[in-house]
Amino acid sequence: ILNVEQSPQSLHVQEGDSTNFTCSFPSSNFYALHWYRWETAKSPEALFVMTLNGDEKKKGRISATLNTKEGYSYLYIKGSQPEDSATYLCAFMLRDTGRRALTFGSGTRLQVQP
Amino acid sequence: DSGVTQTPKHLITATGQRVTLRCSPRSGDLSVYWYQQSLDQGLQFLIQYYNGEERAKGNILERFSAQQFPDLHSELNLSSLELGDSALYFCASSIHDRGNNYGYTFGSGTRLTVV
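Chains A and B, in that order, give the protein sequences.
The first sequence begins at 1 in our numbering and counts up by one.
The second sequence begins at 115 in our numbering and counts up by one.
Isolated chain B (complex conformation):
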């Protein structure tokens, strides 16, 4: 157990629907990162939060949004889902907003399947 908790582990939903993925960072970590891994693609950076504030944005679609709450957990909201949104979504955390000497700690991911 890495200390980063992601729920749910698996999610199957229909096109056009909206889902919420949840991430609880490792205790003491203030920064949360969301990454997407689609079939045959590497880890694509979506968005980063640090202590409740958005810090960096990657190739995140307008249909996707995220937030980090006062207890530091984060949620990634995906709406108007398309088949191409099927992917493994990882959350990672770190103490500082630039990581730390130990790198990012990753959760086990949420596998989203859009049918």
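Only chain A is shown next, with the shape it has when bound in the complex:
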């Protein structure tokens, strides 16, 4: 069974703090890595899709990096705000034709205190 590991499981920070999360995935047969943001009582929403080693993506105060050779991705949030409180999911996809769907990690739950 190929899994994706996310750490930490949960995080409490103060407004204005910068934070980062880690996603580890199998490095062989890699095809794509996705990050999603999942607010309570809502649906997961895509943040980033990354496919190339060394990819860096940015959306406002949130950015992500990808290392496919060693099998990890980092998500950074600069100057956290209460509205950033959510669960952040990463998911990977393999190159195998039989594994086209995303495998999700359990997520990192972020709570930003005002």
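Take these hints with a grain of salt, some might be off.
Stated by the list, open to error - Heads up, simulated EDC-like pairs for lysine to aspartate or glutamate below, C-alpha to C-alpha not over 20 Å straight-line:
(1) K57(A) <-> E45(A)
(2) K78(A) <-> D96(A)
(3) K69(A) <-> E56(A)
(4) K78(A) <-> E39(A)
(5) K42(A) <-> E167(B)
(6) K171(B) <-> D96(A)
(7) K58(A) <-> E83(A)
(8) K123(B) <-> E45(A)
(9) K42(A) <-> E176(B)
(10) K59(A) <-> D96(A)
(11) K59(A) <-> E39(A)
(12) K123(B) <-> E189(B)
(13) K123(B) <-> E39(A)
(14) K58(A) <-> D96(A)
What the hints assert, rightly or not - Going by beta-carbon spacing under 7 Å, a handful of chain B positions derived as facing chain A:
(15) A128
(16) R132
(17) Y147
(18) G156
(19) L157
(20) F159
(21) A170
(22) F183
(23) H210
(24) D211
(25) N215
(26) F220
(27) S222
(28) R225
No lab work stands behind these hints, which were simulated from the structure alone.
For each residue, glycine too, the CB sits at the ideal point set by N, CA and C.
Once you've looked at the hints, dock chain B against the given chain A.
For chain B alone, kept in the frame of chain A given last:
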């Protein structure tokens, strides 16, 4: 509104019963994915369809089945329901069978409670 429509939003049924969950993908998307989220578990992949054909299968029980119709909507059928089948069932869609540069678009989910 994400553009992915799931019905019903909530469903309460008894053990042993059979239910059907429905998903209409975002306009233009050909691929539909079903995921299950049980208590304290992450999103578990069940099955994927692309343009009417099954493309990938995850940890889907034999009591569960799905299909995608010519109009691209999909139905997930759950039979001989057990208490452990209580979960939030999400449908997601994408243009291609490997997603796209924008990721999956998720519906709001169907919360199934088996009593």
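For each hint, the structure was consulted:
1. K57(A) <-> E45(A): holds (16 Å)
2. K78(A) <-> D96(A): Violated. K78(A) to D96(A) sits at ~35 Å, over the 20 Å cutoff.
3. K69(A) <-> E56(A): With a Cα-Cα distance of about 15 Å, the restraint between K69(A) and E56(A) holds, given a limit of 20 Å.
4. K78(A) <-> E39(A): Judged against 20 Å, a Cα distance of about 18 Å means the pair holds.
5. K42(A) <-> E167(B): violated (29 Å)
6. K171(B) <-> D96(A): holds (13 Å)
7. K58(A) <-> E83(A): holds (18 Å)
8. K123(B) <-> E45(A): holds (18 Å)
9. K42(A) <-> E176(B): violated (29 Å)
10. K59(A) <-> D96(A): The hint is violated at about 30 Å.
11. K59(A) <-> E39(A): At roughly 17 Å apart (the allowed maximum being 20 Å), E39(A) and K59(A) satisfy the hint.
12. K123(B) <-> E189(B): holds (14 Å)
13. K123(B) <-> E39(A): holds (17 Å)
14. K58(A) <-> D96(A): violated (28 Å)
15. A128: Violated, about 26 Å.
16. R132: Violated, because the Cβ-Cβ distance from R132(B) to chain A comes to roughly 25 Å (cut-off 7 Å).
17. Y147: holds (5 Å)
18. G156: With a minimum Cβ separation of about 4 Å from chain A (threshold 7 Å), the hint on G156(B) holds.
19. L157: holds (4 Å)
20. F159: holds (5 Å)
21. A170: Holds. Min distance 5 Å.
22. F183: With a minimum Cβ separation of about 20 Å from chain A (threshold 7 Å), the hint on F183(B) is violated.
23. H210: Hint on H210(B): violated, closest Cβ of chain A at ~9 Å, above 7 Å.
24. D211: holds (5 Å)
25. N215: holds (5 Å)
26. F220: At about 4 Å, which falls below the 7 Å cut-off, the nearest Cβ of chain A leaves the hint on F220(B) intact, so it holds.
27. S222: holds (5 Å)
28. R225: Violated - the Cβ of R225(B) stays beyond 7 Å from chain A, reaching only about 11 Å at its closest.
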